[in-house]
Amino acid sequence: MSSIRPRSAAAYWLAIPAGLWMLAAVVLPTLLILWVSLWGGQSVSPHNPITFDNYTRFLSNANYRWLILETLGQTAMIMGITGVLGYCIAYFLTVKVTSPAWRTALFLAFVIPFWTSTLIRAIAFVPFLGVNGLLNQALLALGLIERPIQAFLYSRLGVSMAQVSLYTLLASGPVVYMLNSIPPALREAAMTLKATPFTVFRRIILPLTLPGIVIGQVLVFLNVLADFITVTTVGGNKLAFLGNLILLFYEGSQIRATAVVSVLLMAVMLAGVAVALRIVDIRKVGG
Amino acid sequence: MAAPPPALPQLDLELRNIRKRYGGYTAVDGVSLQVPKGQFVCLLGPSGCGKTTTLRCVAGLEEPDAGDILIGGREVTRDPPWERDIAMMFQDFALFPHMSVAKQVGFGLEMQKKPRAEIARRVGEVLTAFEIDHLAERRPAQLSGGQKQRVALARAMITEPRILLLDEPIGALDYSLRETVMLELKSLQRRSGISFIWVTHDQNEAFSLGDLVVVMNHARIEQQGKPEEVLSRPRTAFVAGFIQGNNILRGKAAGAEAGLLRVDAPDGLFSVPLRGRPAPPRGSEVSFSVRAERLLESPGPEIGNRLSLRCNVVEYFGAYRRHVLEAKSGALVKYDQFGALPQSVSPGHLVSFGWKTEDGVLHA
Numbered sequence: 000m001s002s003i004r005p006r007s008a009a010a011y012w013l014a015i016p017a018g019l020w021m022l023a024a025v026v027l028p029t030l031l032i033l034w035v036s037l038w039g040g041q042s043v044s045p046h047n048p049i050t051f052d053n054y055t056r057f058l059s060n061a062n063y064r065w066l067i068l069e070t071l072g073q074t075a076m077i078m079g080i081t082g083v084l085g086y087c088i089a090y091f092l093t094v095k096v097t098s099p100a101w102r103t104a105l106f107l108a109f110v111i112p113f114w115t116s117t118l119i120r121a122i123a124f125v126p127f128l129g130v131n132g133l134l135n136q137a138l139l140a141l142g143l144i145e146r147p148i149q150a151f152l153y154s155r156l157g158v159s160m161a162q163v164s165l166y167t168l169l170a171s172g173p174v175v176y177m178l179n180s181i182p183p184a185l186r187e188a189a190m191t192l193k194a195t196p197f198t199v200f201r202r203i204i205l206p207l208t209l210p211g212i213v214i215g216q217v218l219v220f221l222n223v224l225a226d227f228i229t230v231t232t233v234g235g236n237k238l239a240f241l242g243n244l245i246l247l248f249y250e251g252s253q254i255r256a257t258a259v260v261s262v263l264l265m266a267v268m269l270a271g272v273a274v275a276l277r278i279v280d281i282r283k284v285g286g
Numbered sequence: 000m001a002a003p004p005p006a007l008p009q010l011d012l013e014l015r016n017i018r019k020r021y022g023g024y025t026a027v028d029g030v031s032l033q034v035p036k037g038q039f040v041c042l043l044g045p046s047g048c049g050k051t052t053t054l055r056c057v058a059g060l061e062e063p064d065a066g067d068i069l070i071g072g073r074e075v076t077r078d079p080p081w082e083r084d085i086a087m088m089f090q091d092f093a094l095f096p097h098m099s100v101a102k103q104v105g106f107g108l109e110m111q112k113k114p115r116a117e118i119a120r121r122v123g124e125v126l127t128a129f130e131i132d133h134l135a136e137r138r139p140a141q142l143s144g145g146q147k148q149r150v151a152l153a154r155a156m157i158t159e160p161r162i163l164l165l166d167e168p169i170g171a172l173d174y175s176l177r178e179t180v181m182l183e184l185k186s187l188q189r190r191s192g193i194s195f196i197w198v199t200h201d202q203n204e205a206f207s208l209g210d211l212v213v214v215m216n217h218a219r220i221e222q223q224g225k226p227e228e229v230l231s232r233p234r235t236a237f238v239a240g241f242i243q244g245n246n247i248l249r250g251k252a253a254g255a256e257a258g259l260l261r262v263d264a265p266d267g268l269f270s271v272p273l274r275g276r277p278a279p280p281r282g283s284e285v286s287f288s289v290r291a292e293r294l295l296e297s298p299g300p301e302i303g304n305r306l307s308l309r310c311n312v313v314e315y316f317g318a319y320r321r322h323v324l325e326a327k328s329g330a331l332v333k334y335d336q337f338g339a340l341p342q343s344v345s346p347g348h349l350v351s352f353g354w355k356t357e358d359g360v361l362h363a
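Here the protein sequences come in this chain order: A and B. Heads up: the first sequence is residues 0 to 286, going by numbering that gives the first Met the number 0. Heads up: the second sequence is residues 0 to 363, going by numbering that gives the first Met the number 0.
So here's chain B without its partners, still in its complex pose (with noise of 0.2 Å):
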């Protein structure tokens, strides 16, 4: 067997080929990451994905079947969550119910053995920077959602952990709180270099808060990059559908040339470019997205993609005004529009539309 890879000293986290089963059940099946330091990652799928199983593996809290876990260049793979340099945020936050608040932000550093007065005294900043030193006496019972937060948040990372492992750390908040707490949370992961893993469902969560988002289904990493990356080219048709706004359309590879695959679709023959990928084999299934605000309306004779599609509804959304629209295949399509555009396009109208050929993305 050949050695095993050295450790990259400058990665916080590395996963390779995490396995793990439950009887027959398989939540992890072959996870691979790495995570550069202070980075902050978005583990975003549907529930059942495997992405909190992942989260598990880190924290120690599952053991995997097969692979190996390093934290900082240390292989921790078999460690208890007590010998890993971790912390970690809970989904219902997880607090003593019989600790004060300051006694429970203490924990941590009691459970270090540090002197007495250091924890007094560091309790008391953590206590102030978090805004909540005037809630030091109380009982969890005694907190707001909001409050809550703030102390499991100051609990976890009073101990200056490499990594803080959050498990949608803000699912169990009102609506109302959201975006600023993840604005806060966004500044505290920049100040304090500490790497986030963050598991989410939403995808507003992981695409505003991620440098990297990490998109999982069935398991398994579907697609990794950069936010806008996996924005602009969703890889795979569970990325493209799972991120809200993209039209998926499926056909049959019809022979590529020019760096652009024709795609024979119940709706007609379109060009998609391959950008390096090589050509599927004639007449295999293939399926490729178009963002819903790069349809075209009534688009010019240099567009090559067209079709005609029937309104069926409009919806709005503040920022943007939404159409419905049925192909004649009975293919539903989304079509955008932003900004203070006068409405074009109502229901019933047939109305031609296009996209420009680089704005198609062909899926793995």
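Excised from the complex, chain A in its bound form (with noise of 0.2 Å):
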């Protein structure tokens, strides 16, 4: 099919107009970025000369620091749900569900409401979590609880409830694709092998879909970190993270400040996209 082979010329002008995009939009942008974290002096000024006093600075605050540990905490505690969660709903997709209409209807049922944007399905979690909300409206129907939960809205609780619910699919998605690409027959070898049920998960499934658990982990791992608009919808003011605090430098101006978190910010997601790639080999899935 390729008649285009790697490395030749005809290769290289072809990768140009995307090349020039990324650089316009993507590199130049990220390094002026860390250009302005690195600006010193009192004034806001370029002619300023180059320190890393705004690193110090902001690590040397206590509450700070206490922030970073928690926007790292709620990726690690979102990575955990969303992970055991969506190899589920994967498992229970591709190898439970044998009808194929089912399978079809089930699967669009769970991808539709990814359609609209992550803002609208953040905001609708207000009406659906608060003290007059369906969850509380519904369970005080059943008898379950005699007042309104206030903690679900504006509270740690309904952002990681929001959190899980948006973030799952990402979590299942390369799962469905790494468990279909698994032929039936491998199974029923291990099961003729003298392998249990569980023994077939445990040494054939599990290992075959590792990649698409990485991947569907790295894709929550930055998601979370780069979420702002659940915390400030779902959680009100009561709380914040790295990527509110990027929102909060900002309005109040503080430029240098947004920097030094965006370059944070960015350090942690290349060390995370690291730590993914030693474990599994991007290039060989779907290979």
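If you are wondering where the hints come from, they were derived from the structure by calculation, not from laboratory data. Take these hints with a grain of salt, some might be off.
[Unchecked claim] Here are the computed distance ranges between Cβ atoms for each label pair:
1. Gly-18/A - Gly-47/B: 52 to 60 Å
2. Ser-99/B - Pro-112/A: 40 to 48 Å
3. Leu-176/B - Ser-7/A: 34 to 42 Å
4. Ser-99/B - Gly-235/A: 48 to 56 Å
[Unchecked claim] Anything over 12 Å on all C-beta distances counts as not near chain A; from chain B, calculated:
5. Arg-121
6. Glu-136
7. Thr-179
8. Arg-249
9. Glu-256
10. Val-323
11. Ser-343
12. Ser-351
13. Trp-354
This one's a predicted model, so the numbers in the text were calculated from it and none came from an experiment. We put the CB at the ideal spot given by N, CA and C, even for glycine.
With the hints as a guide, dock the two chains, each given alone in a separate frame, to form the complex.
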């Protein structure tokens, strides 16, 4: 099929438009932010000397250090929950649901909500989780609680519930793909070699879906770290993570602090992706 | 209800009236089979005939709707695969892509909770026996088709099952490799004493390998017997047609006399031996077959069954020459000449043919 060889002149020419766009939209702004984060002096000016003062000032504040840890903790928790939940959903959809019609119907029911924007979906949680919200009304109607639970909205619990619902698909999708690419005969071959279903899962299915798990976790990791919308809408102003801090500094015109937090956040993201790449070779997935 | 007959301990496998339906589709419809110890059994039939479903029922990968499955005299119909004394080789080998050859071959012993040292020793022995010891650390993606086949076989055989189930085991191999692999598998089966149940649509495989050939069609067994029995005495028109080189002639029963059935066919009146079977009622539709190499060219007066045929095409197949002939009714008849005989019939010729009465095989 492919008539363009890698490293041929044509391949380079074809890469130029996208390369230029990436340079203008990603590389240059990133370098700009990095540069701003290193501006020293009292006043904001590009003529000031280059220094790490902004970083030391930020990191010397215990509140900010705690915020970094809280952000990482929240991300790890959402990764864990969406990972388990996403894997179960993926396994159920691809292995347990055998009727193609049902599988398509369930898959669409799972995917269609993600066609709306993240902002809309985050805002939709307000009437769902509020004091007079759907969840409280339902629990009251069922007689499970006597008065509405305040803690659903404008709390860490509410933000976590919303984030789990928002990002489970990201954890699940790559696993669905990997599960679908496992020939059913592998499972059967293991069973005829006396492996019980749990052993088949542990020795065959889990290792073969590991790349899907890791890719899903990377997606959730990046999205939760960058998520300030859900935290703002569902968490109100009681809650902030690193993403919200960027917005806060930006709105306060503290552009050097904004740049510092942005660079730190980016560094954490890059480190996470680097760890993931050490676990799986993404180039091999789907190959 | 009468008690079921006691299991025969000398049987490796016994199927009693197995039935399996998928929705409105009947995949296996009353299949019964007895496999004595250490037999090479070939399930032969076109795709969709139920041979693979039957095999999967034996493996425990499908549960039959009715009937009993006994392995080594033990009833296992509802047992899961991991509790059966079988191993299986899959059509595309089903090797685990993330395991090295050595790990893969040792998997079955690992599942039996054998000690590490014993697993390592036996994997070493088996890899050597199958001449794949140099591949021990490779992954399946780094193996050729023939090597994959050996790994799959080693992985199944190392567990020393009572029965090895093989689903089109050489169908994925290059044509040039198949004959060698067939010979190796046959001698492996003989040496190991393990019963092989081999599913194939290829009659050459079935007739050259099987101690017992089971021909299936439309979810049922059409005929089972020794290869030479099935080849020389096809029980039904389907079997005769499925096996290469049979001519099938149809007509109406026109009375029986001295063990011979008279068949009134569009191209003549023929005599077919009944071989102890009751004669079909006069006027009923019957069919019989005559092998293409049993036709006689310009037969003498002692040959009773004769018809004149026009030659359409002559084809060469190396070991023999095949003539496609046409009768007056339009029926096509094949005539095979073996050996280095000079060609005597050419396209366009109208020649008289016949066959000895005992070469006719009446179908059920």
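Hint check:
At about 54 Å, the CB distance of Gly-18/A to Gly-47/B agrees with the hint of 52 to 60 Å. Separation of Ser-99/B from Pro-112/A is about 43 Å and conforms to the stated range, judged on CB atoms against 40 to 48 Å. The hinted window of 34 to 42 Å between Leu-176/B and Ser-7/A holds, with their beta carbons roughly 37 Å apart. Distance hint check: the CB atoms of Ser-99/B and Gly-235/A are about 55 Å apart, consistent with the given range 48 to 56 Å.
Every C-beta of chain A lies more than 12 Å from that of Arg-121/B, the closest at about 14 Å, which supports listing it as non-interface. Distance check on Glu-136/B: its Cβ is at least 17 Å (rounded) from any Cβ of chain A, clearing the 12 Å threshold; non-interface status holds. For Thr-179/B, the requirement that its beta carbon stay farther than 12 Å from each beta carbon of chain A is met, with the minimum near 24 Å. Even its closest Cβ contact with chain A, about 42 Å, leaves Arg-249/B beyond 12 Å, as expected for a residue assigned away from the interface.
Residue placement check: Glu-256/B keeps its beta carbon more than 12 Å from all beta carbons of chain A (closest about 56 Å). The claim that Val-323/B lies off the interface holds: its Cβ sits roughly 41 Å from the closest Cβ of chain A, which is beyond the 12 Å cut-off. Even its closest Cβ contact with chain A, about 52 Å, leaves Ser-343/B beyond 12 Å, as expected for a residue assigned away from the interface. Residue-level check passed: Ser-351/B sits 55 Å from the nearest beta carbon of chain A, beyond 12 Å.
Separation of Trp-354/B from chain A is adequate, the least Cβ-Cβ distance of about 47 Å exceeding the 12 Å criterion.
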